[in-house]
Amino acid sequence: MKGACPVDKLLAKALVIGNFEGKMNEMEVDKISNLPVDIVRRIFKYLPMREVVQTSLLSTNWRYKWLAAEELIFDRRCFRSSQRDSDVKLASFVNQVLLLHEGPISKFKIDNYLEKASSDVDRWLLVLSRKQLIHLVLTFRSGDYYKLPSSLFSLKHIKYLKLSLCLFSTPLSFGGFSCLTALDLQQVHITNETFQSIICKSPLLQRLQLISCYGLRHLSVTAPKLEWLFFHGDFDDLHFDVVSHLVEVTISLCNLADGGARGAVSRLEWYLRHLTNLKKLVFYNYFLKFLSTGIVPDKLSVSYCNLKYLRLHVNMEDSNQILAAFCLFRSSPNLEHIRIEAKPNKPLLLLDREGLWDASSTSNIGLTHVKVVEITGCVGLERELDFVRFFLIITPVLERMTIEMHKKAATNDSEQLKWVKNMLRFRRASSRAEGNDSRATDWSSYSRSGCIYNFVK
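Residue numbers (the UniProt record's numbering): 1 to 457.
For the record, the hints were derived by calculation from the structure and aren't laboratory data.
Just so you know, these numbers come straight off a predicted model, no measurement behind them.
Beta carbons: idealized from backbone N, C-alpha and C, even for Gly.
Some clues are possibly wrong.
Unchecked claim - Label-pair ranges, simulated between beta-carbon atoms:
(1) 142 - 209: 18 to 24 Å
(2) 273 - 145: 32 to 38 Å
(3) 379 - 244: 39 to 45 Å
Please put together the full structure from these sequences, using the hints given.
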């Protein structure tokens, strides 16, 4: 009930206590029986679906009021604990509700509750396709992929769609989701062509989340209204086109992709060239490694002037990844918050430390607006100290730096203390960033008026 109106909460609680503990007499019921329909609907939002239906037992006046409920959410609260694992009982309950419900349904949600799909789900979607549905969540815990029926693709009013463990096959008559603004697909099986068809025929799409989708190997995103993108999984190739409103992107590449040959064009240039209005950019796992393969320019041809937040997984022993990070720093003149997550791996392209961190490699990097720097996953390497020294030198308005040691760091306590003391002696560009090696006995945090160092073991 987070964010709910207090009056709605109290009325909902009164219904629950009165009806299901047998303490509400006819006079007490009448106090709320004549509420407007829109208030009753709001009350129903804060009750489990089974209790919404059971309000029909309150009195004759309440017998059909539950039919006004426009949001049907079926979750663990629908059953007693001994019944929660029963797909049959859930399906039977949903069937009864949909059979009796005669009004509009704006929201239908079964999230990670069903063990597997059945023919019942086909019937539910057929009914919902006639109910002006706006919000649909249908996810399965396990089992085979559920083949989506054609009725799902006739949801003309759908704005929010979340699916998991489903198999997509759009019918020839599919005209698109003209009202869709948010699409969340997790562990679905979908071809490149089907995905492209859905995206191109969803002109209002603003939010897109793709997690572990199978069959989607060539990710091509053309969505003029898209503002937010989260991708986690694998791909062979990636392409952004007509995404001028995209302001927040997170890409987590689980395995290193081939990406194809780009000739003399760097992958950084090729894959990021259309993302010019970003405010937040996050690269997880192998994506920075993927982008840093081959040519790494000093600076991209386009400046990302709106980018304020940058988060990168960086292998501290891979010089190309570090150079790619430098490239992004140079190309993002207004960064305010940087988070580097150390991702140690085999040192495939390691150059000598002096050559990597000398003036020629770090020149023209002006992080003049950066106020917060976080470096996590440190294990006590000299290359991690190089990153700390680098940030302290080129961030004149730095207010806070957080350093987090990896919980499985191989170094012992004395070695980590030595590492910390070395870091605290570094020269700082910011007058507000101070260090003090007298704090060696305090491992939980170090705080002064300016720079704050947090060390987590």
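| Outcome of range test on Cβ distance (residue 142, residue 209; 18 to 24 Å) | Holds: the Cβ-Cβ distance is about 20 Å, inside 18 to 24 Å.
**Beta-carbon spacing of residue 273 to residue 145 - inside the hinted bounds 32 to 38 Å or not** = Since the Cβ atoms of residue 273 and residue 145 sit about 35 Å apart, the hinted range of 32 to 38 Å holds.
Do residue 379 and residue 244 keep their Cβ atoms within the hinted range of 39 to 45 Å?
At roughly 41 Å between Cβ atoms, residue 244 and residue 379 fall inside 39 to 45 Å, so the hint holds.
Comparing the model with each numbered hint stated earlier shows that all of them hold.
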